[in-house]
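J.: Make a model of the complete structure from these sequences and hints.
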Amino acid sequence: MKTVQIPSGMDLTALYRQQMGDYPKFFKMDTASKLGVLLAEMLVQDEPDRFQPRQDRAVLVFSRSGSLADDTHFAASMEDFPSPAHFVYTLPNTVTGEIAIRNKYQGETSAFVLEAFDPGEVMNQIVLAFQDKVTRSVLALWIDAPSDEEWTAQGWLIDLEELLAPPQEHHCCHGGGHGGGCCGRHHHAESEEHHCCHHGEEGEEHHCCHHGEEGEEHHCHCHDNNKENE
Amino acid sequence: MHPRVYCIGKSIVTPLGNDVAAVFNAVREGRSALRLYPQAFPGTEPVFASLFPLEGREDRSLFQEICLEAARKAVADAGADVTSPRTALVLCSVKGEIEALGRADVTLAASARKLADALGVVTTPLVVSNACISGLAGLVEGRRLLLSGLYDTVLVVGAEVQSRFIVSGFQSLKALSEEACKPFDAARKGLNLGEAAAAMVLSTERPAASENCFSGRDPKNHFSEANTNPTRSYGVWEILEGVIRNDANHISGPSRTGEGSYNALQAVLPCVEREELAFVSVHGTSTLYNDEMESIALDRAGLTDLPVSALKGTFGHTMGAAGILETILGMAAVEAGIALPTRGFEHLGVSRPIRVSATEVPVRGNAFVKLLSGFGGVNGACVFKKSEGR
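Line by line, the protein sequences are chains A and B.
The numbering of the first sequence is our numbering, which starts it at 1 and goes up by one.
The numbering of the second sequence is our numbering, which starts it at 1001 and goes up by one.
There may be inaccurate statements among the hints.
Said to hold, decoys possible - Within a straight-line C-alpha distance of at most 20 Å, the following computed SDA-like cross-link-like pairs (lysine to any residue) qualify: (1) A:K104 - A:F26; (2) B:K1174 - A:S83; (3) B:K1174 - A:E79; (4) B:K1174 - A:A75; (5) A:K28 - B:L1173; (6) B:K1174 - A:F81; (7) A:K133 - B:V1272.
Everything labelled a hint here was simulated from the structure, so no lab data went into it.
T.: Next comes the structure, spelled out in structure tokens:
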């Protein structure tokens, strides 16, 4: 399992230039979609044949506030001239569509709204998504952007093989939830201490990208290309 | 043995009525609640839509009311106990209570929590918001929750109310027809918006075969009065398969090749024998591109010989409710041995030779495909089958 984060308030244009740079559609997206496309980019950009159309990867997006930031922009435009450019982003699943288009993912895409960040439920839904026999890997994203300035954004990429592998000492679904089966062990050769879905107390040691003020010195454990980030 | 997922309770709440059998008959007779509203909501242009009464909406949440009514009726229909820790609630909607933006917590999670509390559901509710396939995606999710063994019962509620927000948005996209929509017709000019709620109770526990899934407990809910064949027996409905596929093409327009719908059909069709399929209940929004795309997907999937029904000409596009509402009426149609008429359709206006049912047609078969598409390039397909006997 790979995992990445984009800290709240980060300059997304700078991150785009560093991680992508070749996808001008990015600039028309709302904040949630920018975060989603960037998280996906950071998770999959090293994969071979990555722009070959494929159905075997599902994209699941979770949030609390859905498309609230863009809802507010569209509602403001209604007073003057309703903006179709804003309206198309007023759906919680638009971000899944943007990720699918960028990466040519023709498999399942789903958007869920949760009451709060719940890694157990995210893991539960990842496990459920594998009931689709075509799905061999899942890109799962927690993207909660109630405004354009503040968000939480975290992504996970997990293969079915990891899920099926016999559980070792490192388990991923500490988040609890419904106990819908464990995703198995993760494969981070360089960071054995790194728990996947832990968020909170014990998860502090694991940060990808920058994480706020104190995070400048953290190297991403799961993405080499983030080095120039520092 | 692989567990099976049954529909053990259902309900609909629509501007055309709230009784499945009565609404089913209204659809057969070509009735609709679609009409022109000069100003449905403050600040909106005239809109042709199927809406609940507009009076007094400011003081209450119509969304909560219709969700609750649909949920309670489905639960009563199933005779289920939803207060068990083995019961899940899945809410399906695109915009929920967006009309209260700026005045209240309009997140779908907040709506789901209110609904769960009102119903006495003790597990954390889940919201599926997958654009216009949300209802069908909720049934896929419910099926998965049951197959995983995490729950015994899943209540899936799909609902949409219209608002200045949604109407203005679709008008800004120039997607709305100023008259009654005409799915698949040569003269179609866009979609009509609609309001509805619909709910299903799903379970891995098979109801007794003598009971109609549509209500073994309430004989007047049977479709016997509408049945073309009064001796036809009632069965138990099962969700055989359901998948979601993305076009990976455009966030607000369908694929020109019907890629996602075709792939979704390809994934679900192997679960059923072709001669078992009675018809395809399609999305059929009446926009130029959607209906053309669906004709291509159906053609590519080899389904041009099956009757095709679309219900948007009756209910408008009910968004989060559509997948469940149209599925329930599809079940009723199979039980009556017909494919429902596609209200508004006269002359085929798509490039592929699909068999859109302008009028009710008799059909054989005890199963049907439900197909939906939505913004974000998302497409869903499910196969529902009625099994008879034990």
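J.: Now look at each hint and say whether the structure bears it out.
T.: We went through each hint and held it up to the structure:
In summary, the hint linking K104 (chain A) to F26 (chain A) is supported, as the alpha carbons are separated by about 15 Å, within the 20 Å threshold. In summary, the hint linking K1174 (chain B) to S83 (chain A) is supported, as the alpha carbons are separated by about 11 Å, within the 20 Å threshold. Taking the CA atoms of K1174 (chain B) and E79 (chain A), the gap is near 18 Å; set against the 20 Å cutoff, the hint holds. Among the hinted pairs, K1174 (chain B) with A75 (chain A) is consistent with the structure: their alpha-carbon atoms are about 17 Å apart, no more than 20 Å.
Annotation: proposed proximity of K28 (chain A) to L1173 (chain B) holds, straight-line Cα distance about 16 Å (limit 20 Å). For a cut-off of 20 Å, the pair hint linking K1174 (chain B) to F81 (chain A) stands: about 13 Å separates their Cα positions. For a cut-off of 20 Å, the pair hint linking K133 (chain A) to V1272 (chain B) stands: about 16 Å separates their Cα positions.
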